[in-house]
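A.B. asks: Residues per chain, in single letters:
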Amino acid sequence: MEFPIGAIAKMLGGELLAPEKAGVIVNGVASLDTGGPGDLAFLWNPDFAEQAKTTKAEVVVTAEAIEGVPCILVKDPQAAMLLILQQLYALRHPAPKAGVHPKAHVEESATLGEGVSVGATAVVEAQATIGAKTQIRPGAYIGRGAQIGKECVIHPNATILDYVQVGDRTTIWSGAVIGKDGFGFVPNSGDRRDLSKGTTRIPQIGTVTIGDDCEVGATATIARGALDNTVVGDQVVIDDQVFIAHGCHVEQNVVMLGRSGLSGGAKVEKNTYIMGGACIGLGRTVGEGSIVGSGAVVIYSSVAPGSEVLGAPHRPAMQERRLQVTLSKLSDQLPDLRKRVKKIEKKLAE
Amino acid sequence: MEFPIGAIAKMLGGELLAPEKAGVIVNGVASLDTGGPGDLAFLWNPDFAEQAKTTKAEVVVTAEAIEGVPCILVKDPQAAMLLILQQLYALRHPAPKAGVHPKAHVEESATLGEGVSVGATAVVEAQATIGAKTQIRPGAYIGRGAQIGKECVIHPNATILDYVQVGDRTTIWSGAVIGKDGFGFVPNSGDRRDLSKGTTRIPQIGTVTIGDDCEVGATATIARGALDNTVVGDQVVIDDQVFIAHGCHVEQNVVMLGRSGLSGGAKVEKNTYIMGGACIGLGRTVGEGSIVGSGAVVIYSSVAPGSEVLGAPHRPAMQERRLQVTLSKLSDQLPDLRKRVKKIEKKLAE
Amino acid sequence: MEFPIGAIAKMLGGELLAPEKAGVIVNGVASLDTGGPGDLAFLWNPDFAEQAKTTKAEVVVTAEAIEGVPCILVKDPQAAMLLILQQLYALRHPAPKAGVHPKAHVEESATLGEGVSVGATAVVEAQATIGAKTQIRPGAYIGRGAQIGKECVIHPNATILDYVQVGDRTTIWSGAVIGKDGFGFVPNSGDRRDLSKGTTRIPQIGTVTIGDDCEVGATATIARGALDNTVVGDQVVIDDQVFIAHGCHVEQNVVMLGRSGLSGGAKVEKNTYIMGGACIGLGRTVGEGSIVGSGAVVIYSSVAPGSEVLGAPHRPAMQERRLQVTLSKLSDQLPDLRKRVKKIEKKLAE
Numbered sequence: 009m010e011f012p013i014g015a016i017a018k019m020l021g022g023e024l025l026a027p028e029k030a031g032v033i034v035n036g037v038a039s040l041d042t043g044g045p046g047d048l049a050f051l052w053n054p055d056f057a058e059q060a061k062t063t064k065a066e067v068v069v070t071a072e073a074i075e076g077v078p079c080i081l082v083k084d085p086q087a088a089m090l091l092i093l094q095q096l097y098a099l100r101h102p103a104p105k106a107g108v109h110p111k112a113h114v115e116e117s118a119t120l121g122e123g124v125s126v127g128a129t130a131v132v133e134a135q136a137t138i139g140a141k142t143q144i145r146p147g148a149y150i151g152r153g154a155q156i157g158k159e160c161v162i163h164p165n166a167t168i169l170d171y172v173q174v175g176d177r178t179t180i181w182s183g184a185v186i187g188k189d190g191f192g193f194v195p196n197s198g199d200r201r202d203l204s205k206g207t208t209r210i211p212q213i214g215t216v217t218i219g220d221d222c223e224v225g226a227t228a229t230i231a232r233g234a235l236d237n238t239v240v241g242d243q244v245v246i247d248d249q250v251f252i253a254h255g256c257h258v259e260q261n262v263v264m265l266g267r268s269g270l271s272g273g274a275k276v277e278k279n280t281y282i283m284g285g286a287c288i289g290l291g292r293t294v295g296e297g298s299i300v301g302s303g304a305v306v307i308y309s310s311v312a313p314g315s316e317v318l319g320a321p322h323r324p325a326m327q328e329r330r331l332q333v334t335l336s337k338l339s340d341q342l343p344d345l346r347k348r349v350k351k352i353e354k355k356l357a358e
Numbered sequence: 009m010e011f012p013i014g015a016i017a018k019m020l021g022g023e024l025l026a027p028e029k030a031g032v033i034v035n036g037v038a039s040l041d042t043g044g045p046g047d048l049a050f051l052w053n054p055d056f057a058e059q060a061k062t063t064k065a066e067v068v069v070t071a072e073a074i075e076g077v078p079c080i081l082v083k084d085p086q087a088a089m090l091l092i093l094q095q096l097y098a099l100r101h102p103a104p105k106a107g108v109h110p111k112a113h114v115e116e117s118a119t120l121g122e123g124v125s126v127g128a129t130a131v132v133e134a135q136a137t138i139g140a141k142t143q144i145r146p147g148a149y150i151g152r153g154a155q156i157g158k159e160c161v162i163h164p165n166a167t168i169l170d171y172v173q174v175g176d177r178t179t180i181w182s183g184a185v186i187g188k189d190g191f192g193f194v195p196n197s198g199d200r201r202d203l204s205k206g207t208t209r210i211p212q213i214g215t216v217t218i219g220d221d222c223e224v225g226a227t228a229t230i231a232r233g234a235l236d237n238t239v240v241g242d243q244v245v246i247d248d249q250v251f252i253a254h255g256c257h258v259e260q261n262v263v264m265l266g267r268s269g270l271s272g273g274a275k276v277e278k279n280t281y282i283m284g285g286a287c288i289g290l291g292r293t294v295g296e297g298s299i300v301g302s303g304a305v306v307i308y309s310s311v312a313p314g315s316e317v318l319g320a321p322h323r324p325a326m327q328e329r330r331l332q333v334t335l336s337k338l339s340d341q342l343p344d345l346r347k348r349v350k351k352i353e354k355k356l357a358e
Numbered sequence: 009m010e011f012p013i014g015a016i017a018k019m020l021g022g023e024l025l026a027p028e029k030a031g032v033i034v035n036g037v038a039s040l041d042t043g044g045p046g047d048l049a050f051l052w053n054p055d056f057a058e059q060a061k062t063t064k065a066e067v068v069v070t071a072e073a074i075e076g077v078p079c080i081l082v083k084d085p086q087a088a089m090l091l092i093l094q095q096l097y098a099l100r101h102p103a104p105k106a107g108v109h110p111k112a113h114v115e116e117s118a119t120l121g122e123g124v125s126v127g128a129t130a131v132v133e134a135q136a137t138i139g140a141k142t143q144i145r146p147g148a149y150i151g152r153g154a155q156i157g158k159e160c161v162i163h164p165n166a167t168i169l170d171y172v173q174v175g176d177r178t179t180i181w182s183g184a185v186i187g188k189d190g191f192g193f194v195p196n197s198g199d200r201r202d203l204s205k206g207t208t209r210i211p212q213i214g215t216v217t218i219g220d221d222c223e224v225g226a227t228a229t230i231a232r233g234a235l236d237n238t239v240v241g242d243q244v245v246i247d248d249q250v251f252i253a254h255g256c257h258v259e260q261n262v263v264m265l266g267r268s269g270l271s272g273g274a275k276v277e278k279n280t281y282i283m284g285g286a287c288i289g290l291g292r293t294v295g296e297g298s299i300v301g302s303g304a305v306v307i308y309s310s311v312a313p314g315s316e317v318l319g320a321p322h323r324p325a326m327q328e329r330r331l332q333v334t335l336s337k338l339s340d341q342l343p344d345l346r347k348r349v350k351k352i353e354k355k356l357a358e
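As given, the protein sequences belong to chains P, B and Z, one line each in that order. Mapped onto the numbering used here, the consecutive letters of the first sequence carry residue numbers 9 to 358. Mapped onto the numbering used here, the consecutive letters of the second sequence carry residue numbers 9 to 358. Mapped onto the numbering used here, the consecutive letters of the third sequence carry residue numbers 9 to 358.
Think of the hints as simulated: they come from the structure by calculation, not from any bench. Mixed in with the good hints there might be a few duds.
Note that identical chains are pooled: a pair holds if it fits in a single copy or bridges any two copies.
Stated by the list, open to error - No farther apart than 30 Å at their CA atoms in a straight line, the calculated lysine-lysine pairs in the DSSO-like style are these: (1) K337 <-> K275; (2) K18 <-> K29; (3) K347 <-> K337; (4) K83 <-> K64; (5) K83 <-> K29; (6) K275 <-> K205; (7) K141 <-> K278; (8) K141 <-> K158; (9) K111 <-> K158; (10) K350 <-> K337; (11) K64 <-> K275; (12) K29 <-> K61; (13) K355 <-> K337; (14) K278 <-> K64; (15) K18 <-> K64; (16) K351 <-> K337; (17) K61 <-> K83; (18) K278 <-> K158; (19) K275 <-> K61; (20) K205 <-> K83; (21) K18 <-> K61; (22) K141 <-> K111; (23) K278 <-> K205; (24) K158 <-> K205.
Keep in mind it's a predicted model, so treat the numbers as computed, not measured.
Construct all of the structure, not just a fragment, from the sequences and the given hints.
C.D. replies: As structure tokens, this is what we get:
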């Protein structure tokens with residue numbers, strides 16, 4: 009990108025407080041910390057106000073003037089930043105041309121909407137349907153009877169297995185695997201604890217449904233349900249390496265950070281954060297609007313709506329933090345107490 | 009599927025207790041909870057007896073009559089369920105036609121058994137051998153000299169690297185990577201703790217052998233051995249995102265749940281459960297018939313045969329549960345004790 | 009391989025202490041433990057001196073004679089082992105022929121160096137550049153504008169997305185995904201804790217840069233930066249299933265073992281071990297030359313240079329080991345103490 013600062017101010021509907029900079033070219037966006045000459049930066053989060061004062065960026069988009077720093081004043085710097093970044097991103101990652109690449113394979117009974125692109129070495133199986141303007145990138149696989157909505161991006165080497173349903177404007181990243189059979193087995197011994205006679209698979213005849221405006225991260229896995237479907241609601245954003253077992257239900261507006269996981273039949277109610285590495289055990293529920301902290305393991309009980317929990321096993325966040333402080337001193341305090349009690353006992357015995 | 013209930017009862021060799029239902033069509037299988045008109049349900053696990061009483065499913069396959077619920081009586085409802093589900097599953101996921109797809113690539117020196125299918129964009133390298141009726145699905149990769157048994161399914165975008173050996177009737181799911189070089193390095197400094205001179209790779213000349221009737225989950229990884237092979241026995245079922253390092257030995261009839269892991273050289277003896285997220289440390293052994301609980305980390309010592317362990321680091325399950333109860337009260341009890349002991353000391357000093 | 013022992017001794021510049029063995033053929037390399045007739049073994053690590061005394065290997069390469077065992081004496085048995093293993097490995101895994109396979113797809117504007125091989129069903133997008141002698145193996149994907157150095161190996165089904173930069177002699181394993189967009193979102197509610205209005209993606213316009221002589225394990229993921237790049241230095245070795253979020257900075261000579269992870273913006277200074285399953289939290293730093301132990305979670309604070317830490321949350325290793333010993337006895341000692349204090353209080357009250 010190469011734009012004069014004046015043009016950017018105009019595009020953002022902002023006021024350039026340093027008019028002498030109107031003709032200066034910016035050719036990149038940077039953080040306040042790392043920005044230098046030629047960089048556009050944004051003070052979009054008040055946490056960074058201090059960095060803004062000493063930034064070396066060419067110009068800063070901000071809601072309030074910063075002394076000594078060339079600024080573009082706008083009402084909503086976050087919205088301005090998103091606008092600029094979206095345009096830059098689109099320039100850097102242009103959509104592939106519509107059509108089926110000659111080195112792709114699309115089964116005859118599959119249905120492709122208008123403007124769909126299927127990249128080289130991608131495969132679309134029989135009876136699959138792909139909505140308008142969806143991109144099936146190279147090496148991606150769409151299984152038999154799968155239904156992908158419109159304006160989705162299925163990134164290179166992603167795998168969407170048979171009958172999986174994906175809503176509109178949803179992104180599935182590379183290496184993700186959606187719709188692998190859920191992990192259902194019965195021991196042939198008839199006794200759950202006795203594996204000595206091997207196991208028999210329970211065929212999984214459910215599927216996975218994913219809503220609109222979702223994102224599924226790289227190498228994330230979502231297994232298909234045994235009888236009922238595994239369900240992911242609208243506006244659910246799932247980071248890399250997230251694990252979702254069969255029969256789980258994730259309601260809308262849930263954010264699952266890197267490498268978090270749901271065991272079989274777990275439920276996450278809407279508007280909830282599952283932080284990095286956190287795990288929800290077999291059949292447990294996380295209530296609406298909760299925050300399950302980094303690395304927390306929800307195993308012995310469910311989480312009530314509106315809770316914040318931490319720890320493995322999980323406890324209310326305040327309680328877990330207090331416990332960790334207690335533990336920091338435990339190796340000193342416990343032996344000390346034992347010594348003192350012994351001394352007292354001795355004294356009293358005398 | 010669309011079958012009259014009478015036909016289903018006959019197929020299962022069962023007795024229809026509601027003969028007036030013989031002509032009613034069922035077109036799906038559901039759980040007792042979610043089943044409705046047109047659904048077939050199964051009371052195959054006594055845990056669900058209560059749900060069976062209020063189910064809305066069209067008919068329930070069960071070993072004993074349920075009052076007020078139309079039933080098909082059979083001797084073994086679990087076997088009946090597996091039979092029906094297997095047939096449904098086979099209908100939904102028909103095997104691909106035998107033969108090599110024109111958009112696949114099979115090296116000339118590879119050997120394909122009778123009835124093998126190689127899907128579009130799959131690759132089979134030189135000197136690989138694929139057993140009869142095995143399916144190599146689209147995008148799957150079979151490395152040089154790899155040996156895959158008969159009646160296996162290698163799912164889309166799975167990767168089986170050079171010389172890996174897979175037994176008969178084994179399923180490898182999408183995104184799994186079998187036979188990547190084990191993680192063996194020596195620091196160039198000659199001192200294990202000093203990385204400042206970089207590291208040199210120890211070439212890994214072992215391979216991975218996987219037995220018969222196994223399953224390896226989506227994006228699971230099994231690394232090849234340094235000198236000796238990494239070995240997975242027969243009837244081992246491995247869930248998604250499981251991690252197995254080089255030189256591990258997993259005996260037969262082991263179940264490894266989602267995201268469990270084995271560090272280098274770890275051994276899991278037969279008939280053992282490794283529950284979700286559990287990890288076995290470098291060179292540790294889990295004895296026969298054990299259960300390593302969810303999230304347990306076996307690091308400071310091995311696990312004796314027949315044990316049940318929990319916690320990170322692991323402890324006998326009973327002891328870990330007791331510890332967690334103790335910890336729940338620790339932040340109250342410890343300061344309280346300290347206060348009381350101080351008070352006593354003061355009193356005695358007077 | 010099939011070589012007479014005499015020839016091996018000569019190749020290693022060593023002295024065969026058992027000249028009568030000069031004509032005996034060895035056809036494999038094995039560990040001291042499992043070696044038998046026809047096997048070459050190495051006493052390269054003094055830890056294995058005991059096993060060497062009873063090995064059944066045909067001949068042992070060693071720095072000092074072992075009584076009763078046929079030996080080849082060399083100055084540096086580790087170097088000798090690496091030399092033999094590298095040759096064996098090269099024999100077993102020959103490099104593919106240079107050139108673009110007819111079933112690969114390389115965009116016209118991509119640049120391939122001399123001796124590059126692009127395997128069947130691999131894809132190289134527009135404006136990508138691939139350095140001399142680099143292997144792009146079957147099913148691998150190289151995104152638009154990506155720059156891969158010389159003598160790299162990009163293994164089957166690895167995914168390198170747009171604009172990612174990889175240095176020379178670096179290996180990316182199967183299933184790895186480099187350059188997926190970092191996980192950056194803003195809640196539409198304007199309040200970080202309120203997800204009820206959904207989220208808007210922050211476009212990630214940084215990329216990932218990986219240095220020379222690195223290795224990235226199977227299904228590992230490294231996300232692209234928001235504004236600044238995610239950076240991995242030279243000689244960094246990354247095991248399978250490792251997770252690196254956006255904006256992280258890993259300096260040179262870092263070793264990250266299986267399934268370790270870095271949250272957004274985390275920094276790992278040079279010469280550091282991140283052991284298996286260990287995680288570094290949002291924005292935390294691990295100082296130079298540290299060891300973050302297996303399963304440790306660095307979340308509440310950073311790690312000073314030269315530290316060894318353990319536990320979740322992390323503590324100095326000694327302190328964590330002491331804590332675990334304390335905890336082993338806590339469930340007995342705490343109730344006992346409470347009983348004794350109560351008794352004392354009663355006595356004093358009397």
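A.B. asks: If you test the structure against every hint from before, which numbers come out violated?
C.D. replies: none
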